[in-house]
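Residue numbers (numbering that gives the first Met the number 0), protein chains in the order written: chain A, 0 to 344; chain B, 0 to 344.
Errors might be hidden in some of the hints.
Stated by the list, open to error - Computed cross-link-like contacts, DSS-like style, restricted to lysine-lysine with a CA-CA straight-line distance of at most 27 Å:
#: 1; chain 1: A; residue 1: 54; chain 2: B; residue 2: 54
#: 2; chain 1: A; residue 1: 22; chain 2: B; residue 2: 244
#: 3; chain 1: B; residue 1: 244; chain 2: B; residue 2: 262
#: 4; chain 1: B; residue 1: 22; chain 2: A; residue 2: 22
#: 5; chain 1: B; residue 1: 22; chain 2: A; residue 2: 262
#: 6; chain 1: B; residue 1: 54; chain 2: B; residue 2: 109
#: 7; chain 1: B; residue 1: 323; chain 2: A; residue 2: 22
#: 8; chain 1: A; residue 1: 54; chain 2: A; residue 2: 220
#: 9; chain 1: A; residue 1: 308; chain 2: A; residue 2: 323
#: 10; chain 1: B; residue 1: 22; chain 2: A; residue 2: 244
#: 11; chain 1: B; residue 1: 22; chain 2: A; residue 2: 243
#: 12; chain 1: B; residue 1: 262; chain 2: B; residue 2: 220
Stated by the list, open to error - Reference listing, derived: stretches of chain B covered by chain A, where coverage requires no fewer than 3 residues with Cβ under 8 Å from a Cβ of chain A:
#: 13; stretch: 51-61
#: 14; stretch: 68-78
#: 15; stretch: 128-135
#: 16; stretch: 222-236
Treat the hints as calculated values from the structure; they're not laboratory data. Beta carbons: idealized from backbone N, C-alpha and C, even for Gly.
Okay, here's what each chain looks like letter by letter:
Protein chains: 2
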Amino acid sequence: MNKCYVPKNNFDTVQLAHGSGGKLTLELLNDLIFPLLNNQSINSRHDGATVPRFKNNPVITTDSYVIDPLFFPNSNIGELAINGTANDLAVCGAKPRYFSLGLIIEEGLKISLLTTIIESIGKTLTRVDGQIITGDTKVVERGQADGIFINTTGIGELQTAHPINSQNLTPGDEIIVDGPVGDHGIAVLSRRENLGFDSQIISDTRSLWPEVETLLNSSIKVHCLRDLTRGGLATNLLELIQTKKTVGACMDSWKIPVKEEVKAACEILGIDPLYVACEGRMVIIVPAGQGDQTVEVLNARQDSPGACKIGRITDDDPGNLTIKEPLGTTRFLRLKSGEQLPRIC
Amino acid sequence: MNKCYVPKNNFDTVQLAHGSGGKLTLELLNDLIFPLLNNQSINSRHDGATVPRFKNNPVITTDSYVIDPLFFPNSNIGELAINGTANDLAVCGAKPRYFSLGLIIEEGLKISLLTTIIESIGKTLTRVDGQIITGDTKVVERGQADGIFINTTGIGELQTAHPINSQNLTPGDEIIVDGPVGDHGIAVLSRRENLGFDSQIISDTRSLWPEVETLLNSSIKVHCLRDLTRGGLATNLLELIQTKKTVGACMDSWKIPVKEEVKAACEILGIDPLYVACEGRMVIIVPAGQGDQTVEVLNARQDSPGACKIGRITDDDPGNLTIKEPLGTTRFLRLKSGEQLPRIC
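Just chain A, with the same shape it has in the complex (with noise of 0.2 Å):
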């Protein structure tokens, strides 16, 4: 691993020159970026990456990355675009194999941040087991992005031989989390606004597709999975049911997993926990009956935050979410209209 590069010029940042495809773009790929990337594909230098074909079908996923501030409690903005997509890829079922890596970088971003964000990338593509495969690098002018904005597509090798998706969503199924939720938004928001709840509340990016395969592995029988990024888990879960038309859906509030920490930072924020984005939980939707056995094989794991059966798909009201509190009152919880917490992936 190349941890110091220095550009030979002595620049301590990067220049527009270094998107201009001339030398110092191939001094930032061949010095910096490639040797903590390194493989075979991206050593070639062609326009694309050719590889091998796959024995089932490729699943294929996108995202950017636009999170403010870079670095947050716990992680960075190179972690997150790795463990972010690999988690779209794995929800569907499909094992992270294979990324591009699209880096769009503000002119006077320092090499040394630079460096380390890359490194995260790459020591995080080790631990998902996947590869960059082919990237592109841009710079833009001061003020024209914040630091850095990253893409990353995801290839993906689908694991189940039935859909893992909405469409599979039945009357009584049971709806389980796999962990607390609304730790990465906080822990994000606390950071950039200084709050100083970042000593107790760090982010949960990390990788599901290890969760995935055990409970592909089990003789579970998975209807559907959905991580918690963007909106949370009432975003996530209404738009599951919206995309089905046909159900909806009921929480119980006091199985919800949040931490008292998340809680009480919500409180003084006025936000809702149900609603800030984690970037390391999904829900998992089994049919009925099948509940408690996904709760006692995630938590058989031993990196398992703590997986909670905390609801159902229900026939009553379609495309509505409600949450039963503990005096027997329900709510209905809706998409929100507004943007609560931009930038926070």
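Knowing the structure of chain A, use the given hints to seat chain B on it.
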């Protein structure tokens, strides 16, 4: 086609909440973006798209488009984002099939401009016979992106039994360019700086796959292809021979096609057209003796912009690109270390 999306709330510009993952995001996707890119994968609204297995190897490429201005003579960032990525596949010998679409939109972008850009993407996809299968939309605050940045990742299917890349370069190989160079860069620069050339000079953006397919269906053994984007003819040829390491290249200056108006603009601007980006031109490198046939095959196409044989691969000066002038002098073309034309794609 839905040409007249009017946000239900009468916003005529993109709001931060359009990127929140909530109600406005769904409205933007369902009412503006999806209708213009209509296809089944994107309508399934899953985190990723499952595609059929290919018969041949997949080829993958990615590019971010940060061009300034968004609209330039004859085209816009939307068309460019499809053609550019399709061309990176084409020069690998792969037929473009699937695309991902990552939008990073600046708060305040006019909905009407966004609509025109997405429409261009839709029309260009039809021309290249490709599909957007998965996407992502982010909105960043005013001043944090310059209107819109677009990332497209392309997945193509390899159509050649032998690899087409710089490793095939052999002394004696002939170099062909498929049309006049430098139009795109000068057209964009002219519009950006209000230079007034843009009445005559328009972008050359187009899909190169039809030409590549013609070549692959002929008896010509194509050694290498490269589209002449960032850095233009000189930089791209230099990158090819420097990747191969053991060969050089030599061009005859009087054979390189450059339109008179592009030459004139370059003289006024003090830039070398051989370093100016094209978005619909490529070099084709073929074995000794096959150059004339290559020119014939390309120029037999009705849409040919005028292919010419311009030079050859040599073994006498590895890694170096030389250009012969009509009076017999020879000079080196080097990689530029500064940024000549930023944000040209």
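So, going through the hints one by one against the coordinates:
| no. | hint | result |
| --- | --- | --- |
| 1 | A:54 to B:54 | holds (11 Å) |
| 2 | A:22 to B:244 | holds (16 Å) |
| 3 | B:244 to B:262 | violated (31 Å) |
| 4 | B:22 to A:22 | violated (46 Å) |
| 5 | B:22 to A:262 | holds (24 Å) |
| 6 | B:54 to B:109 | violated (43 Å) |
| 7 | B:323 to A:22 | holds (23 Å) |
| 8 | A:54 to A:220 | holds (22 Å) |
| 9 | A:308 to A:323 | holds (14 Å) |
| 10 | B:22 to A:244 | holds (16 Å) |
| 11 | B:22 to A:243 | holds (17 Å) |
| 12 | B:262 to B:220 | violated (33 Å) |
| 13 | 51-61 | holds (count 10) |
| 14 | 68-78 | violated (count 0) |
| 15 | 128-135 | holds (count 4) |
| 16 | 222-236 | holds (count 6) |
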